[in-house]
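So the sequences go chain by chain: A and B.
First residue of the first sequence? That's 1 in my numbering, and the numbers climb one at a time after it.
First residue of the second sequence? That's 1001 in my numbering, and the numbers climb one at a time after it.
Because the hints were derived from the structure by calculation, they are not lab data.
Hints are supplied without guarantee of correctness; some may be wrong.
[As the list claims (entries may be wrong)] What follows is a list of derived Cβ distance ranges for each label pair:
| no. | chain 1 | residue 1 | chain 2 | residue 2 | range |
| --- | --- | --- | --- | --- | --- |
| 1 | B | 1086 | A | 176 | 46 to 52 Å |
| 2 | B | 1153 | A | 77 | 35 to 41 Å |
| 3 | B | 1162 | A | 188 | 20 to 26 Å |
| 4 | B | 1027 | A | 28 | 32 to 38 Å |
| 5 | A | 94 | B | 1026 | 44 to 50 Å |
| 6 | B | 1094 | A | 114 | 32 to 38 Å |
| 7 | A | 21 | B | 1162 | 47 to 53 Å |
| 8 | A | 188 | B | 1088 | 31 to 37 Å |
Yeah, the Cβ is synthetic: ideal placement off N, Cα and C, and Gly gets one too.
Protein chains: 2
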Amino acid sequence: MPEPELFETLYAQRAIRRFKPDPVPKEILERIIEAATHAPSGGNRQPWAFVVVTDPAKKERIAEWYHEGWVGMYASDPNRPRNAVYRSAEYLAEHMAETPVLIFPCIAAGGGRRPSFQTGSSIYPAAQNLMLAATALGIGTVITTFHMRREGEVKELLGIPDDYVTACMIAMGYPAEGERFGGAGRRPASEVTYYESWGG
Amino acid sequence: MPEPELFETLYAQRAIRRFKPDPVPKEILERIIEAATHAPSGGNRQPWAFVVVTDPAKKERIAEWYHEGWVGMYASDPNRPRNAVYRSAEYLAEHMAETPVLIFPCIAAGGGRRPSFQTGSSIYPAAQNLMLAATALGIGTVITTFHMRREGEVKELLGIPDDYVTACMIAMGYPAEGERFGGAGRRPASEVTYYESWGG
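Work out the full structure: start from the sequences and follow the hints.
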């Protein structure tokens, strides 16, 4: 099988939220996480860890907390959009327990403090590598943060130590029938690119 | 020219901090930034903008502030490492003005508040796409945050509005003689991967 190309994969990535029940083989997960660890991090400190959850009972608990976060932060917002992204996200919130794999990229936070905005520069590139590697291998992913309201419970359930925080939750699996890669709608880059100064 | 492969590019990426003086053609910059805009963002809101700086006078100012940040946050730390990464970062801090291109990925922050840690999930994946696309095209990059101490001045110089913040600064150019892609040292993924719970 030929290796997938970089630009093809960058353009193929889109949020996939409906999955087949098939498990993702462990050797595939290892390859995906190894790709994640090749991302940059400040001072090459590699402050990350990746917690992979496939256990049905654990996924069930996380799914409850996730749904609560979804309702509290999004579904109850009177100004929420009612578009295809919303409906797809709603489907995921109601079926999270059926997702084959949940991965929590974690970062060492130091002293239990909430890390700063720019600390994310040492973990979200790794999360993106992880999703790109999955995409290249035909595995759908979506990055979410609706578990954050219940992050304490999630960390306790998974035994994540006090000095680490979860950066996000990546739901993952082979795309369900009818899901597709590519074609994610984006504004033209020219509208968000400025030369030399804002507006330029 | 055959398209570069995804995994090859993920493994080729490493911090490049010494550049040839050659400019990066505008059509290449456009392709790189378009790749960035295909990254995921919360609710597909695409809250980003990219400010590209090549103007020598502006780079000179930014280089001064960057050097100040470097000294204050790193070079003056008595526990700093004295390894190859340090020396390479020191070189960059002293030669930033000569870097052909500086790109500031910015994110809408809302009300001038400092965005939260997890807000980074909507901008750093785009920064990573940008760096991967550059790598695939033979252009070296390094992601840095030492300008943050002087972010207010940087924003003023570049006309970045109050309701946006810079997520990082990406220095970019064709690698100088002796610089190479690939071979970035990383701990084995197996040491940072846990199944079902921490330590598992």
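Against the structure, the hints:
{"no.": "1", "hint": "1086/B with 176/A: 46 to 52 Å", "in the structure": "48 Å, holds"}
{"no.": "2", "hint": "1153/B with 77/A: 35 to 41 Å", "in the structure": "36 Å, holds"}
{"no.": "3", "hint": "1162/B with 188/A: 20 to 26 Å", "in the structure": "25 Å, holds"}
{"no.": "4", "hint": "1027/B with 28/A: 32 to 38 Å", "in the structure": "36 Å, holds"}
{"no.": "5", "hint": "94/A with 1026/B: 44 to 50 Å", "in the structure": "46 Å, holds"}
{"no.": "6", "hint": "1094/B with 114/A: 32 to 38 Å", "in the structure": "34 Å, holds"}
{"no.": "7", "hint": "21/A with 1162/B: 47 to 53 Å", "in the structure": "48 Å, holds"}
{"no.": "8", "hint": "188/A with 1088/B: 31 to 37 Å", "in the structure": "36 Å, holds"}
Of the numbered hints listed earlier, not one is contradicted by the structure.
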